[in-house]
Each structure stands twice: as C-alpha cells, then as structure tokens.
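Protein chains: 2
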Amino acid sequence: MTYRAPVRDIRFALEEIAAMDGLTATGGFPEFSSDLTPAILDEAAKLANDVLAPLNWAGDQSGCVLEGGAVTTPPGFKDAYAQFVEGGWQGLQFPADAGGMGLPKGLGCALMEMLQSSNMAFGLGPMLSFGAIEALIEVGTQDQRALYLPKLISGEWTATMNLTEPQAGSDVGALRTKAEPNPDGSWAITGQKIYITWGEHDCADNIVHLVLARTPDGAPGTKGISLFLVPKFLPDAAGEPDERNRVTAIGLEHKLGIHGSPTCTMEYDKATGWLLGEEFKGMAGMFIMMNSARLNVGVQGVGIAERAYQQALAFAKERKQGRAVNAEGPGPHAIIDHPDVRRMLAMMKAKTEAARAICFHAAVEADLALSHEDEEERAWSKRREDLLIPIAKAWSTDVGVEVASLGVQVHGGMGFVEETGAAQHYRDARITPIYEGTNGIQAIDLVGRKLARDGGHALRELIEDVRQTAEDCETSSNPELPFLAEWLNPAADALEAASNWMLQADDADRLAGATSYLKLAGDVAGGWLLCVGAVAAQRMLKDQVGEDAYARSKIALARVYAETVLSSAPGLLGDIKIGAEPLFAPGEIMLESA
Amino acid sequence: MTYRAPVRDIRFALEEIAAMDGLTATGGFPEFSSDLTPAILDEAAKLANDVLAPLNWAGDQSGCVLEGGAVTTPPGFKDAYAQFVEGGWQGLQFPADAGGMGLPKGLGCALMEMLQSSNMAFGLGPMLSFGAIEALIEVGTQDQRALYLPKLISGEWTATMNLTEPQAGSDVGALRTKAEPNPDGSWAITGQKIYITWGEHDCADNIVHLVLARTPDGAPGTKGISLFLVPKFLPDAAGEPDERNRVTAIGLEHKLGIHGSPTCTMEYDKATGWLLGEEFKGMAGMFIMMNSARLNVGVQGVGIAERAYQQALAFAKERKQGRAVNAEGPGPHAIIDHPDVRRMLAMMKAKTEAARAICFHAAVEADLALSHEDEEERAWSKRREDLLIPIAKAWSTDVGVEVASLGVQVHGGMGFVEETGAAQHYRDARITPIYEGTNGIQAIDLVGRKLARDGGHALRELIEDVRQTAEDCETSSNPELPFLAEWLNPAADALEAASNWMLQADDADRLAGATSYLKLAGDVAGGWLLCVGAVAAQRMLKDQVGEDAYARSKIALARVYAETVLSSAPGLLGDIKIGAEPLFAPGEIMLESA
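Quick mapping for you: the protein sequence lines, in order, are chains Z and R.
Sequential numbering from 1 applies to the first sequence in the working numbering.
Sequential numbering from 1 applies to the second sequence in the working numbering.
By construction, these hints were calculated from the structure, which means they are not laboratory data.
Incorrect hints may have been included.
Intra- or inter-copy, both count: the list cannot distinguish identical chains.
[Unchecked claim] DSSO-like mimics (lysine-lysine), calculated; alpha carbons at most 27 Å apart, straight line:
id, residue 1, residue 2
1, Lys320, Lys223
2, Lys223, Lys178
3, Lys46, Lys382
4, Lys317, Lys577
5, Lys382, Lys317
6, Lys281, Lys320
7, Lys320, Lys178
Predicted model only: the values in this text are computed from it and were never measured.
The task is simple: from the sequences and hints, build the whole structure.
Structure (structure tokens):
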C-alpha cells in the first residue's frame, strides 16, 4: 500500500503537455521559474510519500469521532497537518503579498494530486481551504482579507464551504438557512447545513465557515442568497481566536469511504457572521469556491486513479498465477504477463494520465487567463478553462471510479478483502462523481452553458487544437505517430458532429444526451493531450533529452489509449443523440415492480 | 430499502424471451406445467420480500462473528434459513425422486434472482449448495447420493466449494492440499483453503465441504487433482451428524461487502473425506459446481442490479430538486423528471433486463440440453448454454457493478451515506466479477474454448438468431419495431467481424482482446433478447393479451437499449483488435513511478 508520487509523470504533464513554462513569460508569476518546478515537486512528494500515505489506510479504519461537538481525526492526522502547515503548502498558489508562495495553479494542482493520492481524506481539508481563500481574495473586504487571509494561507486556520441542506442539494436555491442583521453590522446565522467537509476537527486553531444563507429581503431561489463568513472562534482585536461562536457540529456521516474526513452536520444557532461580498450575490462567491473545488475534485479523480494503479501494478508484478501465453519458461508467471491483466493495467495508466493532462491543462489555462499580458490571449485561456472545468471534474472522477474498480479486479479475491487496501480506493473514489456538483450537473453545465453560450466557439477552438495535433502526428518523422492521427481525426469528427447536434437540439434533448456528450468530449480531449505528449516525446527522442525509454513509453501509452478509447468515440453518437422522447414518451419503462 | 420481487418482469423473461414453456413438451419435467410458474414465483416472492429483504441491511451492518471455530450469522439469518428449508426451496430444481420439486433450472434461476436481490449475503449459502448438489447427482456414488442428497436437497445441511488456496487462485492447479488414503477407504485431507463461502455458520445441522486436493500419486497441475467430500460432522449409521470432523474455520475475511456471508479460512487437519468421482478427475466435478455457480453468479449480477434499480427509482420519484425542463409547473420536480436522471434509470432498467434475459435464456437452454427428446436439439441447446455461460457470468456481473454504481449516483450525496443502503449494493456487487472465475477468466473461456473449439459454430448460430429477430422487427406491423433492426443489424455485423478476427488471431492477440470481445458479445446478446421481448410484446398488443402499457414498456425499453448500447457496438472493434503487441512490445508503458 505504499505510494510514490509520480514526479516524472507530473512534470511531463505540466511541462510537455500543459506547457506551464509559458507562464514565466507573462510576468504574472514573478516567484515562478522553470527550475523551481522539480524542487517544489520533490518536496511535496516527500510530504505525500513519507507523511500522508502511511496514514491513509489506518485513517480509513479508525475514522473520525464526534464527542460533545468536538471531532477527533484519525491518529497521526494532527501531526501531519502540522507538517503541512510547516511546509507552507496551503499558500503555494496564493500571492506572495498575502503570505503565499505566489506560484501557479498548475503547481497547485500537482500538489493537490499528491495530497489526494497519498491520503484523500486528509487532502480534503486543504482542498476546501483553497477554495475559500480564492473567494476571500476575490470578494472579501480589505479588513476581512487582512484578518483572515494570513491565517488561512499559512494553514493555521482551515475553512469550509456550507451549501447543502437536507432539501437543497443540486438545487442550492431551495436553501432555508437565514441571516438576520445584528445592530453592529454583523449577522445572526440560523439553520442546518449537511455534508460539511472538515466542518469540525482537531487539526487547526480555528475554522472559518463560508455559509450560504438568505437575508430577510432575500428573494426565493438563488437570487436571494448571500454568502457569510462565520468563524468557529470570533477573532479578538489581535486577530486571535477568542469567543466561541454559536456553530456546532451535531452529527458525523457514516460514509462509504473517506472515513478519515469528518463530514459534519453543522448547526448554526444565531451564529455571528459577516457578509462576504455583496448581499444577494452569494452565488457568485459560491461559484469561485465551486470552480476551484471542481477542478480540484477532478484532480482527486486523478489522484485516486494513480494510487489504485500503483497498487495494482505492484500486485500484478508480485502475484504469480499460471502460465502466460507469451512469457518465457513454464511459469507460474507474474499476472502482469497475462495479456488480459496487462490490458487492464495499461488502460488504468492511460486513463489516469489523460485525466491528469486535462486537469493540468485547465489549471495552466486558468493561470494564463489571469496573467497573460495580452487581452485576447487571456480571453482565449479563460474560454478554454471554462470549457474544461466540467470535463475535468466529471470525466476525471468517472475515470477515478473506473480505475479504482479495475484496481480491485486486478487483485482478484484479495481485492475484495479490506486489508489489501484496493477496496478503500474503490470506496473513496465513489464520492468524487457526486460532490461539488454531481457529474450530471457538470454535463448540464457543459452543454447548457459552456457549449451553448458562445455558439460552440470555445468547443470549436478545442477541436482545432485536436486537428492540429493530428497533423503534427501525421507529419512526424517517427513512423509510429501517424497511426495516432488515424484514431484522433475520426474522434474529433465525432465530437464536432455531436456538438453541432447539441447546438441545434432543444433543451430536453440536449439534457438527455449531456452525460454521454461529456464522456465523448473527455475521451477526445484526453486522447488529444496524450497525443500532444507523444509529439513532445518524439521531440525528446530526436533532441536526445532525457531517457529514451521514458519518451517511448509516452508514445506507447498514447497508442493504447487511441486503440481502446478513441476507437470507440464515433460509436457514442447514437447514445448522445437519443433525445428525451424515448425516455419520457413511453412513461411505462419505469413501471413499478409487480 | 424495501424490495419487491419483479414477478411480472421475471415471468416475461422466462416465458416470452427464454420460452421456458417449451419445456413442457420435452417430457423431461413431468412436475412442471406452465400454470405452476406464477404460483411458484409468487411464493418465492413472499420469502424474498417479507423474510429476506428486511434482513439485508442489518446483516451488512452486523456481519458475522467467529468465536472458537464457530460462526454466528447476523440476527435473523438462522430463522430465515429455517423458513427457506420449510418452503423446500433448496430442492426446487432437483429431481423429485431425490426429494426435490423436479422443476426446471429456469425457475431455479428465477428463485435465485429473488434470493440474491433480497439478500445477497444470505443467498450465497443456498447458491453454493445448489452447485454441490449438482456435482453429487452427477458424480456421486449410489451410497453417497443416498446419504447426502436428501439432507442437502431439503436444505437441512448446506454445502461448500473448496478450491482456492493462498497461492492457487485462478491457477487452481497450483493447490497443495493433500489427501492420503486411510485403511478404511476414506482419505485424510490436510491443507488450508481460503475464501470459503458459508464455510462455517449456525444455520444448518451439518456442512458438507467439497474439497479439491492432491492424492500421493497426483501429478502436478490440474491433472493430479481429486475431489473429496468432507462433512463437518461425520454421519452415523442412520445418516445423522455424529463425530466432529477435523475441519475448522480459523479465520473470517474482513470484506468490502456481503458482510452477512461468512467467508472463511478453513483448516483441514487430517480431516476424514471420501473421494467424490474418480481419482484425478477432480476438475470435472469442480466444473459441474463451477458451471452451476457461474450462471448463478450472473444471476447475482441481475439480482443486485434489480435491487439497486428499485431503490434508485423509489428515491428518484420521491426526491424533489429544481425545475425539470419538460415537466409541468414551476417545480421543484421529482428528480426522475430531469432527463439526465431519467436516462440513468432507463439504462439501469434496460441493462438489468438484458442481463436477466441472457441468464434465463442460458438456464432454459441448459434444461433443454438435458431434457429435449431430439438429440440434435439437445446438442444445439448445449452449445448455446456453453457459449452463454461465460457471457452470463461476466457481462451480468459487470452490469451489476455498473447499475449499483449508477444507483449511488442517482441518490447524490445520500448515496454515499451508508444508512441510505445504496452504497451496500455498490460494495456487495463488487465481488461478483471476481469470484467463480474472474471476468477475465470468463473472457478467456469464451474466446479460447467456447468460440474456438467449434470454429465459431455456436457463435454463428447466435448471430443467425440475432439476424432472425432483426428481420422479425423489420417486418413487424408495429412501426416502432423496424427501428430496432437498424441498430441490431450493425451490432450483429460487428460481433461477426470480431468473431472472425478472433478465430484467426494468435493466442496472445486473442487474449488481449478477450474482455472487450465478451463485452461486445454481451451487449449484442442482451440487445437481441430485449428485441425478442419487443416482438413478443407486439404480439401481446395485437392479441390483446395482458396490459397494453406493460407490453409497450418492453418495446420502449428495447429502444432505449438499442440507442444507448447497441449503437456503440461497432465502435468496440478497435479495442477488441488491439492485439498483444501494443501492450507488450513497449514494456515501458508501465514504468515505475519516479
């Protein structure tokens, strides 16, 4: 159950695929230079490999305990969190003038992947703080930023996101938590929030809850919602935790996975809070957190897939069963020598790297959208980021579940035994397609907003890039690369056809095919980026940069992906174009059992 | 978390799709008549709905306890088992002269589905006994049958299947358990077996272990293996449990799911056993059990999918969120009115019914293979049964996992909370692609034996049937049916092309594509059988038999399946034909993380 952060693969994805080094030219990240990347990644890897990974399985087994409103996290989490704070990791991607390291989100995602791979339950704490810090930077007042940012960016305090209520899940607008004005300008928050990740714990001195609530004048629905900042301990004049606020963890969920992450029911009983951003603009603040979280949940998918893959690979090399048809000697051979097992592992690896490439590409474009000196370039990057966010979230988390499930399968009977650890990944992974907007919600966002709002412009830009890469493969001096284009071009055609169909479809038809459309978009985007990697690898071979074997592995991986995933892309069109009628007209499909 | 056995759907699959009533003409089942079917199914449904289903979640939570070699099953299991025995259900499909009901395996599978849906952990006990009884009938001596069959068929005693050892999983031939002759003709069995389902429990008076072991003259590998019958209590002269045998449960696995099913490590310490079948022919006896178990594990896939579907459907009708685009009024609407959720439910239903149809078709052909008066017909049915077994096992269990995962997804955040119960199905389902031969082993069986041994004959017979059904759809008076043929024909073409490729491929290439080939075969077979159902439904509409709405639902379901699953069939060819070279030649794909 060991984990070793795949630093080389992460660098390859950041530098060769997502072209992170381009950020040095923008001037937006004065603290960043290319030669910093390996040092940062190696340090993060130490934390992940040596501190967090060893706590993962034990944390799953022990879980969290709630007693008298206080949550105790699993053994070792508190110390590990102290080391996380000590390293300054919470501030990695935040401006140096606010106490951060001022590094790009691309590197932030790389760190995030290692946190989630090594210990997803632990990694959720920092992940939620990341989002809250972004919201605070963007919509907080000067005073709020001065008071809260240093503590949050250092990691001394953590933060949470409070949206969901029992009757308000995907429909956030149905929330009932209310905020009433106090004479001193603060607000009294009253209501119950559920599924609050790291809502209460013993790792930090204070917890800053970002809470959606409705003010007395707030209209029904999302338009009347405001965002509030509600600290567990009210800061005193010096900014230190003082009076205990009237917010309490009253329940802990008994969950399928991520047992080490305390998922709390929070009770606000006239808790003191402060408006964060404008009244009635709560959704805007929430979307800042949400967009940060969506990308990072996609990265969780990558992280859990990587971990499951590493574990399955180690097992498959160790475990011997039977005679493998194309291995030497009489056997027994390691099961990795059996073609069916090898196929599973190759697909796990290919999909994991495709998901990583999509997430890192989105992150670097987010960095460029903020930092590029050219306005048109910023706009281009913003369009790409926005388009990719729902794909990065949904596709990568579906991959996380699929790869974790394959990981169990590679283990055979031992995969079903909890002690092996493969089962934990299968359990942990299952939340990722659900939270921060279910994958169905992501698909609706993709077809309803991201595709339709600009008449397919951003999507067509993506397809242009795919075709360019196909051309790069076709014209490559390496005879293996034109083969990739044979799969990439029809896949791009399918995505274009599906997009055109979506753009002319009515709402119900578009929504009926949304999830399958997102799958196609992810399949194509992932394949495209692996081919970008293959082109880069060929360049490395030609220029004699790095190890040949490593470069060749990236070309081989793109080929496996092309033959197993891109090959199926055109076949998804029927499913995408099903339309609502076959699902709704014959209402009898879903007759009650009788 | 209630469950209602889908008696109407089960009858439709048995009678309209698998044509079980044809068995009455064979004379092989004198106890069976068509009008018996509803009575049997209704009685079985009562046991499942009222006795077993309510114990399912509590059994998962409490699990089994091993103390001093004795296992205590979850509260209620012992009483429930007594009711199972009382109803004579263990004997349903066994000959009347051996104390059974003498009914077809088709009905046996229907019962099995209800047991597995209502309580998979419980259902595993009877399932293992089923297989052992079949082996005993086929290879037991007269005395062995006289001594053990009545107790096993009544259910007073249960039975187990002991194959796996730590070093011998998929590679059964690597086992080390030894059998040494005793002077009285019995054997002394010594060794350790793992993953023994219901290896020890408190529900029955005796447990009959069927154990694979090697005799002193046994060659290495599978050829030297023999099968032994090792009862927990040695029967006395009157056949009643007497002296305790030297077989002990020394461990219980801590598993991802089926917590209510005791999965034991069994220690045999010179335990007394008797040869079952001939020496060195242990694999033959094992395959009898295994084939029974493989079909029944496929039925488990159906059962868990049905349960997960029912639970998700009930939730989706109850849970209200947001405004659905094509529903009336301002909302909030039930989430089933949202196209994306409805698509998930429709796919769950369609795949569940397709898997059921495949399993029941295999079961009825197994009945015909034994009972048809015409030898050629028997041979045809045997070929079809053999061809379908690996598909029924692997495809249905993959569907079970997929549908259970969709069931969690439909529940949103509540799906990840254990109390909801959806997560249990996701955990329970995960073992089914692993045990009784992993799905990879099934795929190897399909391409290596079932397809290749007769040069594709049985597979071509299946494709002929698919084409015939497509023609039936094309020529139907119902204008909705020709549409189905538009999807069915290209899918059949794809299966034919893939089969032809497989038949000329070398071993390694065939094995590299085996799993994807099995998926295609299952996708096509499932779609074909739903179309058979649609043709039957059209006949019912025309003849005014039964409820119109019900018949129409079967046509609608076939359409959803055709558009979402059959539509992708041709796209699987690339994946199937990948060959071993891209997986093996660039050995660097699976470089260690660095």
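Q) Where does the structure disagree with the numbered hints, that is, which hint numbers, in rising order? A) 3 and 5
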